[in-house]
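Turn these sequences into a full structure, and let the hints steer you where they fit.
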Amino acid sequence: MLSIFLEHDLPSLGVDFELPIGTLSAIVGPSGSGKTSVLRAVAGLLNTERSRVSFDKDIWADTGARYFRPAYQRPLGFVSQTFGLFPHLTAVENVEAALTHLRRRERSREAQNCLDIVGIGGLADRRPNELSGGQSQRVAMARALARKPRLLLLDEPFSALDHSTRKRLRVELKRLQDALAMTVLFVTHDLDEAAELSETLVLLRRGKVIQQGPTRELLRRPSTVEAARLMNFANLAKAEWAGSDASGITLRWGDVLLTAAEGPKSRPDDTIHWTIRTSDVFLVKDNHPNESRLGTILPAKVVEVIEMGSSALVSVIVNNSGGEVLRLQLRPGALHRHHLSKGSPVRIALHAQAIVLLN
Amino acid sequence: MKDFRTRTAALFLWISAAFFSTAVMAGVPLIAAAASIRPALEEISTRYKEVSGESVRLVFGSSGTLANQIANGAPYVMFLSANTAYVEWLVGLGLTQGSPVTYAEGVLALYSRSGLLGETENPLMALDDALQNGAVQRLVIANPEYAPYGSAARAALKHVGSWTRARQVLLLGANAGQAVQYALQGDVDVALVPLPLARLAKLHETGQLQVLPKETFPSVELHQQMVLLPGADQKTREFFAYLQSTDSQGIFMRHGLLVPGPANLALQP
Amino acid sequence: MDWNAFQLSLQLAAWTLILLLPIGIVTGRWLAKTQTRARPWLQAFFALPLVLPPTVVGYYLLVFTGTRSPIGEFIMSWFGVSLVFSFPGLVVASILVNLPFAILPVQRAFEAVSNELHDAAACCGMTPWQTFRRIEMPLAWPGVLSAAVLTLGHTLGEFGVVLMVGGNIPGETRTLSIAIFDRVQAFDPLSAGHMAGFLLLISLVTVALGYGVLERRGPQRQKSA
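Residue numbers (this note's numbering), protein chains in the order written: chain S, 275 to 633; chain V, 138 to 406; chain A, 12 to 236.
Think of the hints as simulated: they come from the structure by calculation, not from any bench. Among the hints, erroneous ones may be present.
DEER-style ranges, computed between Cβ atoms [to be verified]: (1) A/K44 to S/A455: 56 to 66 Å; (2) V/Q269 to A/W52: 52 to 62 Å; (3) V/G190 to A/P33: 39 to 49 Å; (4) A/M12 to V/P355: 40 to 50 Å; (5) A/L63 to V/A208: 19 to 29 Å; (6) S/V599 to A/K44: 53 to 63 Å; (7) S/E473 to A/R48: 42 to 52 Å; (8) A/R119 to V/T301: 21 to 31 Å; (9) A/P33 to S/G393: 58 to 68 Å; (10) A/R119 to S/N633: 33 to 43 Å; (11) V/E225 to A/V92: 23 to 33 Å; (12) S/A339 to A/P33: 49 to 59 Å; (13) A/P33 to S/D330: 54 to 64 Å; (14) A/P51 to S/N321: 19 to 29 Å.
Fair warning: this is a prediction, and the values are worked out from it, not measured in the lab. Just so it is clear, CB atoms sit at the ideal spot from N, CA and C, and this is done for glycine as well.
Written out as structure tokens, the structure reads:
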């Protein structure tokens, strides 16, 4: 396990979590959340007031024991947001810089090898100013991998690149990680990127971990309102606990009753916050066969329709629900098929499994 | 990269060319002397070389500056001042060796640009008139604070009552030599400078040059004293003696200085 | 033409450069990277010789290191040298006066080496010394060279402090610039003119050589992505 405990007063930082070894993990958060600081602290480039960092039982930092191993002694590779290529050296010389422990001839051979692995062997003698963004990123990657590190750290590795390059490189990162069975930790503000690449996800906000766990689970079930907001769950509503039985938890939402599959078995102290993905809210046509399978069906009125290219966002207010807006995502085709416009009456379905209760 | 290397190497070679050894000059006496006797002393040292085969190194400056340097540890072995005061000062500080000797007496001259003063028996009076008439724009003397000739010049001007007026058009040279330099170069109307230097600079060709007798600057004397300093060796003492010889005295006189003793002739500029 | 004086000038410039450049590199780099609050004061201190007249520097050196001062006596008794009216004294004075020329360009050059590059170097496994040698120095080299050229040029022409601290001692402290002054005082403008012209030529060649080396490096220096 990669064990990270960091505490700092100004700017405020307080994290304590573990990540599995041998997989891709991502730290996601808005700018200013401290994610880059966490990464740099793990790298040994930053010191916090209290810290304890260890990789597979190898302790890298422990303020309690007054121990701090500097970055150049940690078996890791690091790629920063703008790659940090040494401008006075060629691509192959940049990679050679990470191989100072080898002798000259071995060094250049190994460096060329690394460049080949990332697919730019032919650009060995180019200088950084002669490389494109994607090529620079690959050189930085090759350099980070040259020492065969146990941990690879990436700070917003793709944010400086254009869209198509970004997509291509994501695939290659995945491929590399698979092939080398490395532990990779990368930091990004792009949730989709994190969702695509990582197996473990850590949500960070204002220096604190909001939620962490296997990516798929996190994305499905945020645990708090904050986590939901971070992961762009557009629907956030409040309800009262109204009972629990074999089929699940009953919620009173305004004057309407909902069923949620998972939740507290007894009445909690506060109002319950709940959420549902915009892609989990369905429009139900009249005379739909097997309606009951779709979950709780509620009548509602459309208040807004926004068409955006490949999808449409429809906002509705469920009758008697208390006036909170619920949003759903539709394909533009569906939009027209249902003849939706402001004021149209509709019926929506909320499946018990899709309703997520938040702390 | 290679080209850069060769060029840097060239630069360093160029610099290291400086490290060929200097001619060794240790052992040659280093003598400090007032700027005003430069021409005389240079001639004497040449003559000395002819006569004895020995060389000396000469450093010139205003007597006050040199005395200060000596007080701060300058490695001179002999000091020729343009007065006695600075020598006495050094003696008082215990920085000298043996007794001071008067080797000559300075002569102050008044230079004026052509036509300014006209024919006159009393140049200082004529100068005072010119100052009153506003005909003098610039008057040069050596700095009275540390150059004996400057001090004499100031005394002369005070004595005739022109000092206050003179101050308004005054220009000071750091030493007697510089004062003459100014007189040479440019729109200077009047200069009170040592006669030897004035002659060397051929000031008599560009204007009028008149000797000012001692009586015109009472309370300031230009008895030029020299003294040995710690570090003076046998060679230095020999040169010290030679400076008092008739050879030297003759040279001093030819340059416009007075010498002590019977050979005291009236001067013609 | 006083060849002796010329040699003295060259030697003074060379010695100043050799002794001052390492000082400039160490100090410049430290100033570039330090976070200490005293930084603006330190920078001002090192820049002082730029605003002080050389004669003032010379005067203070004379008073505080002359043979009659405590420092002067100490140095004389321990090393047998005097720091005034001697060539070593000139070198000391020259080093002090040239501090800003040696430190400033170097400091700027090291400041330009971004923290990102430092981080990258550390994560490549390079020790701080290796980072300095392989990354910082090559990138800061134009600044170092600038400092060298400025120091050389400035020292060749240095007059005020040399006159104050060194006097005008032939073979010891009579550099070319002093010799020129001396010839003028001796009413020998011809010699003075020759030597002045020669000094001008030498200075020009030195600085041109220095910048010629710099020029070549120019197009190869690139900003990082």
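Hint-by-hint comparison with the structure:
no. : hint                         : result
1   : A/K44 to S/A455: 56 to 66 Å  : violated (38 Å)
2   : V/Q269 to A/W52: 52 to 62 Å  : holds (57 Å)
3   : V/G190 to A/P33: 39 to 49 Å  : holds (47 Å)
4   : A/M12 to V/P355: 40 to 50 Å  : holds (47 Å)
5   : A/L63 to V/A208: 19 to 29 Å  : holds (23 Å)
6   : S/V599 to A/K44: 53 to 63 Å  : holds (54 Å)
7   : S/E473 to A/R48: 42 to 52 Å  : holds (46 Å)
8   : A/R119 to V/T301: 21 to 31 Å : violated (55 Å)
9   : A/P33 to S/G393: 58 to 68 Å  : violated (44 Å)
10  : A/R119 to S/N633: 33 to 43 Å : violated (54 Å)
11  : V/E225 to A/V92: 23 to 33 Å  : holds (31 Å)
12  : S/A339 to A/P33: 49 to 59 Å  : violated (38 Å)
13  : A/P33 to S/D330: 54 to 64 Å  : violated (44 Å)
14  : A/P51 to S/N321: 19 to 29 Å  : holds (25 Å)
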